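Chemist: Given chain A's structure and the hints, the job is docking chain B onto it.
These are the residues of each chain, in order.
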Amino acid sequence: MRRSPAFEIFRYAAIALALALTLLPILWMVSMAFKPIPEWSATGADLTWIPRAPTLDNFRFVFGESTSDLIVALERTAWRPILASLLSAVFGTAIAMVCGTAAAYGLSRFGSGKNLPLALIQLRLFPPMAVMIPVMIMWAFLGLIDTWWGLALIYGIVTLPFAFWLMKTFFDEMPREIEEAALVEGCSRFRVFMKITLPMMRAPLASSALLVFILNWSDYLIALLLTTKNWVTIPVYMASLSSSMTGQLYGAKAALGLLAAIPPVILGIAIQKHLVRGLTFGALKQ
Amino acid sequence: MSATETLARTAASTPSRAAQPVDRESRRLGFRLTLPTQLLVLFIAVFPLLMQLYISLTDWSPLDGVSWWKAWQSWNNFANYTDLVEDRRWWGALGRTFIIMLVCVPAEFLLALGLATLFMDDFPGKRIFYSILLMPMMVVPAVAGYMFFMLFQSGGPFNGIVSALTGMDIRIAWLSDPTLALVAVMIADIWQWTPLMFLILLAGLVGVPEDQLKAATLLGANWRQRFFTIMLPRIKTIMVIALAIRVIEIFKIFDTLYIMTGGGPGVATETISVYVYKVTTQDLIWGYVAAIALVILIVLSVLAVFAMKRMDAAKNGGAAVQKGARA
Numbered sequence: 001m002r003r004s005p006a007f008e009i010f011r012y013a014a015i016a017l018a019l020a021l022t023l024l025p026i027l028w029m030v031s032m033a034f035k036p037i038p039e040w041s042a043t044g045a046d047l048t049w050i051p052r053a054p055t056l057d058n059f060r061f062v063f064g065e066s067t068s069d070l071i072v073a074l075e076r077t078a079w080r081p082i083l084a085s086l087l088s089a090v091f092g093t094a095i096a097m098v099c100g101t102a103a104a105y106g107l108s109r110f111g112s113g114k115n116l117p118l119a120l121i122q123l124r125l126f127p128p129m130a131v132m133i134p135v136m137i138m139w140a141f142l143g144l145i146d147t148w149w150g151l152a153l154i155y156g157i158v159t160l161p162f163a164f165w166l167m168k169t170f171f172d173e174m175p176r177e178i179e180e181a182a183l184v185e186g187c188s189r190f191r192v193f194m195k196i197t198l199p200m201m202r203a204p205l206a207s208s209a210l211l212v213f214i215l216n217w218s219d220y221l222i223a224l225l226l227t228t229k230n231w232v233t234i235p236v237y238m239a240s241l242s243s244s245m246t247g248q249l250y251g252a253k254a255a256l257g258l259l260a261a262i263p264p265v266i267l268g269i270a271i272q273k274h275l276v277r278g279l280t281f282g283a284l285k286q
Numbered sequence: 001m002s003a004t005e006t007l008a009r010t011a012a013s014t015p016s017r018a019a020q021p022v023d024r025e026s027r028r029l030g031f032r033l034t035l036p037t038q039l040l041v042l043f044i045a046v047f048p049l050l051m052q053l054y055i056s057l058t059d060w061s062p063l064d065g066v067s068w069w070k071a072w073q074s075w076n077n078f079a080n081y082t083d084l085v086e087d088r089r090w091w092g093a094l095g096r097t098f099i100i101m102l103v104c105v106p107a108e109f110l111l112a113l114g115l116a117t118l119f120m121d122d123f124p125g126k127r128i129f130y131s132i133l134l135m136p137m138m139v140v141p142a143v144a145g146y147m148f149f150m151l152f153q154s155g156g157p158f159n160g161i162v163s164a165l166t167g168m169d170i171r172i173a174w175l176s177d178p179t180l181a182l183v184a185v186m187i188a189d190i191w192q193w194t195p196l197m198f199l200i201l202l203a204g205l206v207g208v209p210e211d212q213l214k215a216a217t218l219l220g221a222n223w224r225q226r227f228f229t230i231m232l233p234r235i236k237t238i239m240v241i242a243l244a245i246r247v248i249e250i251f252k253i254f255d256t257l258y259i260m261t262g263g264g265p266g267v268a269t270e271t272i273s274v275y276v277y278k279v280t281t282q283d284l285i286w287g288y289v290a291a292i293a294l295v296i297l298i299v300l301s302v303l304a305v306f307a308m309k310r311m312d313a314a315k316n317g318g319a320a321v322q323k324g325a326r327a
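If you're matching them up, the sequences are chains A and B in order.
Mapping of the first sequence onto the numbering used here: residues 1 to 286, in sequence order.
Mapping of the second sequence onto the numbering used here: residues 1 to 327, in sequence order.
Hints are computed from structural coordinates only; laboratory data are not their basis.
Just so we're clear, the structure is a prediction, and the values are computed from it rather than from any experiment.
For glycine and all other residues, C-beta sits at the position ideal for the given N, C-alpha and C.
Possibly wrong hints are sitting among the right ones.
Said to hold, decoys possible - Now the stretches of chain B that chain A is said to cover, found in silico as 3 or more residues with beta-carbon under 8 Å:
no., stretch
1, 26 to 39
2, 142 to 156
3, 173 to 185
4, 195 to 202
5, 248 to 258
Okay, chain A solo, but in the shape it has when bound (with noise of 0.2 Å):
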C-alpha cells in the first residue's frame, strides 16, 4: 500500500519518540553500571549520560574486589545469588516444560485430562501473594525453605501452564500423518512420543523453553518469601544491596541489575516469534 511522505515523516516521528521513551531507563542503568562513585550523583546537580571517567569497578565490587573508591566490604557477593537463580530457572523449567510437554501430548493426542486447561490457568491467574502462606508452611515442612531446589519447585510449578499451553498448541498443529505410520510400523505409542514427535518438535520446545526460564529468571517475589539468605536469587540479592556509610549502592546496584536483564533481553529477542503465542496461552498466533 502506498502512503504519502506526510504519513511516513509522522511515522518515523512517533517511532523515534518511542524508542528514546524505550531506551532511556535502560541507557540510565547501563551509564549508571560504569560510573565511578563521584559520578554517581543521586543528589548532585550535573547529570552525566554518559560516564566521564567509565570504570569496571562496580561489577569487581559486586564479585567481592576490593576498589580504589568504595572501601566498604560485601557481606556476599554476587556469585552465590547468580548461582542461586540459576540453578532455579533452569531446573524450574525443567520441571515445568517435562510435565507440561508430557500432559499437552496426553491431551493432544489421546484427550486425558480434560480438567488441565482450565485448571491452569486458574493457577496462573492467581496472584501469587494469595497462596503463598500454605506454600511457605509446606516448604518449611519440607525443608525447601531457602534451597535452590525449593525455588526450582515452585518455580516449575507457577510457569507449568505456560508450559502446558505453548505445547498443546504446538501438538494440535503438528500433522500426525508421521506418527500413524510409525504407528503402523509397529512402534508403540510411548515410542512414537519420544523417537519422533519430541525429535521434529525440537524447535517449539526449544523456544517454549526459553519462554519459561525468562519468566523463572525475572520472579522477585517468590524468592524474596522463599529465601531467605543462602540462595537469594540476583533480584533479592539487589534489593538488599546497600550499605549504612554510602547509603543506596547506585553503581553497584546498576551493575547487576544490567547482569541480570541481559539474558531474559537476548533469550527474549531470540523467540521473538513466538512471543506472542506463548505469552497469550496460544489463543493468539504470530
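Modeler: Same frame as chain A, but now just chain B:
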C-alpha cells in the same frame, strides 16, 4: 481442523485400526503422561487451599510456637472475615490497585494500538525498531523497578530532562510525595507493559486480510473508516485477550512497585499484593492473611470461570459464523 475430521482422515489412510479411535494403550499412555501435571496441580491447589481455609478461621501466627495443624486452639469464629470488611487499609489497597488498573490499562492499550497501526505495513528499519520496542517487557521487573527508582530521584535524570525542557530547575522528590509516587509507579508500569500490548495487538492487526483493506480503499474509504469498520472489528477478540491479560497482571502488581516505593510513602502506593506481603512478613498474622487470600482467590475464580465461558461462547459463535460464511 476438528478431531473428527482428523480421525476420519486417519481412518481412510489406515483402515485396519479405524474401529478404535482411542484404544486402551493410548488411554493408558495419556493417563501416565498427564499424571505428573495432575499431581503437581493437586499438590499446589487442593491441599494448600484446605490448609488456607483452616488457618483462615483462626488467629494462628508462626510466632505462636504452635504447629499449624493445632491452629484450632486459636479458633476465632470467623473474626478474620468480619475484620476484613472493616479493614480500611485493605479497602485502600484494593482501591489503589483499581486506580492503577484504570489508568494503566487504557493508557497501555491506546499507546500500543497507535504504535501497532504504524507497524502494519513494511518500512525500512521495521524489524530492528520492533525488537527494540519489545525490550522493556523482557527486562526483569525488579530491575525495571530499580531503573525507575533511580530515574525519579529528586536529583535524577527525570527531573533533569524536565528541567532542560522547561528551563527551570526542577527538584521534585517523586517517590516521597503520595500522589506523585503513584504517578511514578504507573509510568513504570506503562513503560514496561505497553510493549506486550503492542506485540499482541500487532499480531492481530497483521492478520487482518490485506485484500479487504485494499478493496475498501478502492471503494473510497479513508483511513479512519478502514480503521474503525474493518480493522477494529476484526481484532475484537484479540483486544479482549490483551486487555484481560493486563488486567490480571496489574491486579498482581508487586515487583516494580515494591522496589520503587515499598508501598510508601506511608501507604500511598500500597496495592493488594504489597499489603498482603507486609501483613505476611511484618505483622505475621497469618490467619488473617489466609482469610484475605481466600477471598481474593474465590472472587478471581468466579471471574475466571465466567470469563472462560464467555470466551468459549464467543469462540463457538465465531466458528459458526465462519462456517456459515464458507457455506
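Chemist: If you look at each residue in the stretch 248 to 258 of chain B, do at least three have a Cβ nearer than 8 Å to any Cβ of chain A?
Modeler: holds (count 6)
Chemist: Are three or more residues of the stretch 26 to 39 of chain B within 8 Å, CB to CB, of chain A?
Modeler: holds (count 11)
Chemist: Counting residues of the stretch 142 to 156 of chain B that have a beta-carbon nearer than 8 Å to any beta-carbon of chain A, does the count reach 3?
Modeler: holds (count 12)
Chemist: Can you take a look at whether the stretch 195 to 202 of chain B is actually covered by chain A? Rule is 3+ residues, C-beta closer than 8 Å.
Modeler: Coverage by chain A holds here, the residue count being 4 at a Cβ distance below 8 Å.
Chemist: In terms of beta carbon proximity below 8 Å, does the stretch 173 to 185 of chain B have 3 or more residues touching chain A?
Modeler: Our answer is that it is violated, as 0 residues pass the Cβ test (under 8 Å) against chain A, missing three.
Of the numbered hints stated above, the single one contradicted by the structure is hint 3.
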